[in-house]
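*Asks:* Chains A and B are the protein sequences, given in the same order.
Heads up: the first sequence begins at 1 in the numbering used here, then just goes up one per residue.
Heads up: the second sequence begins at 1 in the numbering used here, then just goes up one per residue.
If you're looking for bench data, these hints aren't it; they were derived computationally from the structure.
Where hints are given, some of them may not hold.
As the list claims (entries may be wrong) - Listed below are several chain B residues computed to face chain A (Cβ distance under 7 Å; list not exhaustive):
id : residue
1  : Met43
2  : Leu46
3  : Ala47
4  : Gly51
5  : Ala106
6  : Met108
7  : Pro148
8  : Gly166
9  : Ala189
Said to hold, decoys possible - The calculated label-pair distances, taken between Cβ atoms and stated as ranges, are:
id : chain 1 : residue 1 : chain 2 : residue 2 : range
10 : B       : Arg185    : A       : Gly86     : 35 to 41 Å
11 : B       : Gly62     : A       : Leu36     : 53 to 59 Å
12 : B       : Glu76     : A       : Gly62     : 33 to 39 Å
13 : B       : Glu81     : A       : Glu75     : 54 to 60 Å
14 : A       : Leu52     : B       : Arg82     : 42 to 48 Å
15 : A       : Leu52     : B       : Thr63     : 47 to 53 Å
16 : B       : Arg185    : A       : Val116    : 51 to 57 Å
17 : A       : Gly86     : B       : Ala18     : 46 to 52 Å
18 : A       : Glu48     : B       : Lys40     : 36 to 42 Å
19 : B       : Ala18     : A       : Glu27     : 38 to 44 Å
20 : B       : Thr63     : A       : Thr115    : 44 to 50 Å
21 : A       : Thr115    : B       : His24     : 24 to 30 Å
22 : A       : Gly37     : B       : Gly51     : 50 to 56 Å
By construction, the Cβ of each residue, glycine as well, lies at the ideal position given by its N, Cα and C atoms.
2 protein chains.
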Amino acid sequence: MEPIAIPLGGPREERADAARNRAHLIEVARAMVDELGADKVTMDGLAERAGLGKGTVFRRFGTRAGIFLALLDVEETAFQERVLNGPPPLGPGAPAVDRLVAFGHARMEFLVERTVLARAALDPAQPIPVSASPSLFHVQMLLREACPDVPAIPALALQLTAALEGPLLLYLRASDGTAPVAMPRDLAAGWKTLVERVCG
Amino acid sequence: MEPIAIPLGGPREERADAARNRAHLIEVARAMVDELGADKVTMDGLAERAGLGKGTVFRRFGTRAGIFLALLDVEETAFQERVLNGPPPLGPGAPAVDRLVAFGHARMEFLVERTVLARAALDPAQPIPVSASPSLFHVQMLLREACPDVPAIPALALQLTAALEGPLLLYLRASDGTAPVAMPRDLAAGWKTLVERVCG
């Protein structure tokens, strides 16, 4: 097959520039979080250190929380790779119920290990993003495999995703530890009970 | 017993005034919602019609969403009365699993029947209030009764409450119906599955 000749020009170069800027900004932000801590990373500081205009940073991330969301998104991709192609029971090759339990536990571990980043990514002015969770897709897929006889699987998948992520995000957001939220260990036990009994 | 004489004075009268103002404001807000629809109720409009200063309305409700939250709170009290003292299976006298299923279904019905009010009470700048839900108390109590053998009941109660309220609040907030949220009927079926299988 002959490659199709695409005229190079303004718009395409602009897109390549944008992608480069984004990758550069994420790299600089990652270094700043590691060196200074997430608390000290600001839009202005990031723009200065990256040698880019503040407008560019604003266009890429929207808000300060958007910086951390983008950093989390990079790690999210690595997490999904483990789910899709990693070793069982998180990856393929184990019974679906075990995968569902492992998925919830890995998800909790993923977020708890990244508490500072996850907390910074939770814009206090934004709702807890339950419905936008990438977990919903996996939970629904594994639920269909684990217990195809269960009625209303899409609704149940949404409810299980809310059960998995809602309390955990509340825990992560509770910076002073006073929120009425159970510890991750108890949430892990609760998740195991939910999944094994629903599909048992 | 002789009643204890309490000296009447400034602070006490002020509190009585505040309570009267609050009751009056709630009554006027209720009438305005019925007549004009929640969309048309504003802090200014409420102050004017109630014959009170805007500062008083602001102190009582904080935000516009606070008006609707206060209205919902009045109905919430009536709902809790049905749970605590009403006929079974929502009220006492039925097996705890049946009460838990009935509680979730009544809760969904309660919020869906009050969609306009509930939607108006969801301040778009505030997180979905899962942990502050009055449902948590009932879910935990009934869970203890229905399946005391289950490990990590407080965590599980929080997860079930998130499963009950999270998707429903997302459904209520999705004003244009495009959100990826299951219909209340499916959520009701999902809730029944969750509870009966967890405690079955």
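*Asks:* Against which earlier hints does the structure fall short, listed by number upward?
*Replies:* Of the numbered hints given earlier, those the structure breaks are 1, 2, 3, 4, 5, 6, 7, 11, 13, 14, 15, 16, 17, 18, 19, 20 and 21, listed in rising order.
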